[in-house]
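Trainee: Listed below are the residues making up each chain.
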Amino acid sequence: MPVLEITEARTDPGGAAGAPARSATAGTSVSVAIAGSGGNGVMTAGAMLLDAAARAGLYGLMVRTSGPQIRGGEAAALLRLARRPMDALDDTFDLLLAMDWQNVHRFADEIPLRATSMVIGDADEGAAPEVFASSGARCVALPLKKMAKAIPGSWTNMLALGLAGGLAGIPAQALEAALRSSWKRADAGLQANLAALHAGIAEAAGMAGIARLDPGAAASGRRWLISGNEAAGYGAIRGGIRFVAAYPITPATELLEWMAPALAKVGGSLLQAEDELASVNMIIGASYGGVPSLTATAGPGLALMTEAIGLAVSSEVPIVVVDVMRGGPSTGIPAKSEQSDLSFAVSGLHGDAPRLVLAPTSIADCLATTQWAVQLAEALQAPAIVLSDQFMGQSRAIIDRPADAGFVAARLTAAANTSDYKRYRDTVSGVSPMAIPGTPGIVYTADGLEHTEAGIPSSQPRDHRIQLDKRERKLAQYDYGRWWADIEGDAEAAVITFGSVTGAVREAVARAAAQGIHVKLIALRLLAPAQPLRLAEALAGVRRVLVVEQNHGAQLYRYLRAMYDLPGRPASFHRPGPLPLRPAELTSAIVEWQRAHSPEKEIA
Amino acid sequence: MNDVATPMAVLTAANYKSGYKPIWCPGCGDFTVLSAITKALASLQLPPHEVAVVSGIGCSSRIPAYTTCYGFHGVHGRALAAATGLKVARPDLTVLVTGGDGDGYSIGGNHFMHACRRNVDLTYIVMDNHVYGMTKGQASPTTEPDWDNKLSPGGTGVRSFHPLVIALASGASFVARAFSGDPNGMADIVAQGMRHPGFSFIEVLSPCVTFRPEQREWKNHVHAAPVGPTDDAARAARRIMTDDGFNIGVLYAGDRAPYPANPGTATRELADFEAEFEL
Amino acid sequence: MSAGPRTLSEFMAQALAMEREAVERYTEFADAMEMHNNRDVAALFRTMAQYEGKHASQIMDQMGWTHAPDPPAGGFGWPDPEAPETAPFDAVHYLMQPWHALQLALAAEQRAEAFFGELAQATTSESVRRAALELQAEEHEHVELVRAWLEKVPMPDGDWATDPDPPRYLD
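Chains as they are written, first to last, in our numbering: chain A, 1 to 604; chain B, 1 to 279; chain C, 1 to 171.
Simulated from the structure, these hints should not be mistaken for laboratory data. Treat the hints with caution; some may be incorrect.
BS3-like, lysine-lysine: derived pairs with alpha carbons at most 30 Å apart [what the hints assert, rightly or not]: (1) B:K17 <-> C:K152; (2) B:K150 <-> B:K17; (3) A:K149 <-> C:K54; (4) A:K265 <-> B:K21; (5) A:K145 <-> B:K150; (6) B:K21 <-> C:K54.
Derived DEER-like restraints, expressed as beta-carbon distance ranges [as the list claims (entries may be wrong)]: (7) C:K54 <-> A:V131: 46 to 52 Å; (8) A:L579 <-> B:P226: 56 to 62 Å; (9) B:A224 <-> A:V131: 38 to 44 Å; (10) C:K54 <-> A:A141: 34 to 40 Å; (11) A:L190 <-> C:K54: 47 to 53 Å; (12) C:A137 <-> B:A224: 54 to 60 Å; (13) A:A264 <-> C:E118: 55 to 61 Å; (14) C:P71 <-> B:D232: 29 to 35 Å; (15) A:L579 <-> B:E50: 20 to 26 Å; (16) C:G158 <-> B:S18: 36 to 42 Å; (17) A:S182 <-> B:S18: 52 to 58 Å; (18) B:D244 <-> C:P79: 20 to 26 Å.
The C-beta atom is built at its ideal place from N, Cα and C for all residues, glycine as well.
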């Protein structure tokens, strides 16, 4: 795989007028990996480094990876820090700091290095494994543990924090502030670890050869430190969700755990269900009762929920199901990311069952897109599946405080004693007012069975046709506005993508532009129902498209070809998880694709 | 082994361990369960390739790969269903089912009841640690109602599930409880369960050192059941209603006929079916 | 519960079982520690397993056995659920230090020593009594060995069990 030189490219973010704000292209960034085996506090050090970056007015992103043990296994915190918001990891790491090397070689594929990288290990823990050293990176051995031990009561990971932070160019006072604010124990320990931190910073000051962040103005404006799962949870509450039924599953559990106390604070509640069949049916019940409801799960759980999602379609009960996608199929790779539930989400229900499918494009976007999903589900009285993924869900990022997109649940309900009330009346829009239990004069029975407009079970062809048309029409005719996709740039060639891959694609598009290759970027946020008119508008003047995604079956590529007319012969760049798609390989793909002008080539 | 006289080498517990090192936290109760299962298999001298271990999802469901038996690591909560299919289609195999309290009593609760009812010759070992370990510490059906955790702050407030009561009420014909701190006793109970014709349910108190460190106290509470097993379901029912959750031993071993094994012999030729349709 | 070994052969079978159970437990601990990247303690447990293995081989050689005899029908009648020299399954922690491991071993050897001493007193068989006293003396030597070893390893810090990182989940 060719490694491109990271240029200082900064392309002006042009884009369709009125497109929602999104992060600028990558300028200078620094990528740091901190690794070690159990008990070393690798994740804690990583989290503090990200916190310090935030305090220093920087942006950043932290991804965690670990071995199969529940506690004490090998772990690595992978960070990228910069002066602009970061939505993707870089191609290589500038620094790998390992407190020890036990089983850290297992992360080799996730910590790619280059000849100008630096690898720091503990002198007493042996040499850096060949898999890292063979990159040609500069390997430095420091007596990390001894240095920490020289300060009684201090921890090696705090020394490592100072060292990594100092090398990355994070100001000392930000590092110190991060440590202080997270310290919950006796003061004596705090002093010792501050000393270790500063020892690390001092050591870093004497070292050269790692890319540091340029000094610059601290970011102004309000910012947050948040994970995708938390953002989605908060977006749900902002949208109006007040009931959640939950069943734990990796990597969605934190979303549910965040919502448990949060819902209580806004007068809602969360119930732990016995399984996913129960949780999805519980939220249908709650929503039938008039309360906007949500659950979150991953692939295997979504698979269990399908019968009930069909019930929500047929009975026209709004629900939101967040699917935090992970490696599939079946039990798959639970703690790693992939975009392989797309086909399932857009078509995995029996019968003709139209439903909403949305996908946030970044950690920050998890908030607005989930909030939008709530508003849409409620407005259209239909189930909405939100395709998040493990990368966004479990990674933390420093983001600009998102403006409130203003999406709020507003269900069309029927007034008491409406004369000749028919729950499933064949209205022009397809949306018929819903009677909420407790309202007199308009009692009805919701049904998964096909039904008349009044909701009486029916096997008549006319009724089936009317209801099928209604359920399809209500979604197809809705005006989704400008949120359905991010459309950026103007060119004869367009790259289409969705979800967490968007960040890396956006960077690649910028790098390609720096080489004189201009492509348009279309990041889809609304995947179902398909939007043929809108895409046609976005593809006006476009002669060829490249579809980029993180799965084995080119699911988006096939879906787009099925549902849309695409110009020329569309190309596909697809690769399954567990590794993220990186900007350099995408840049190469775009450049090669453009230069070849041979649209049929499938690059994988 | 150096025994020259015997024609076939005697199988020891070590023969049933695959050598894959478990990922369980040091101190986990599941280690001794694995050991007990291998000892039980050795006491019965079953060739490993004639034994199948079926599991669901969770820390304890990792067991199949740690044995040299055929293994099936299925989806969450459905181990009993998969095992039932396997045993009914292949009555010649010995089928063990393993899993945790979340897998078995929550998402698997429905299948648990019906497996007890159906009485297929399976041995079901549940490693109960009163928590969902693998997903980082949520309440399981056997967790106390007031155990604080992130998903249910302050506790679920819901009465815990009593698996032995449910098993008995659903018709299980062998009901027992074991404890990780007594692997030899556990091996004996597992062997008894395996020898018992029909569905044998063994609940093992297996502490979770990471999420429930207070369970180290269990060893101070467990005790041998004051009386031996009964074959009278009514008597067992009375005893179970006063069970303190720490009685170790076989509670009940009845003589319900197991689900009939399919002999698999054909009684008609395929061509004979045509007579039904011919004019 | 059985009444205790009546012959030398029965007694040595019991002693052998004790050593073998200890080997199994120490090996399990060593594997678990290795899986959790606790190299030093893994190595220590493996050494303990080797020592116990040697003791087991010695007994086999002494008795001319090629494989371990089957346990008696009612079990060996240990005072606790497991044999005296077997460290309890929950006595380990993924962050434990060599000092802790040696404390475990010390306790195991002390239990074994006490067990043989009590057995020597309780038995009515002279040959059993003599053998039990011999083994008690050997266990006592082991106790001293472990004590000496303990002098050489550092005491753990007060926060040895502190892991700043939370547990993670996988399935």
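Trainee: What are the numbers of the hints that this structure violates, sorted from low to high?
Mentor: 1, 2, 3, 4, 5, 7, 9, 12, 15, 17
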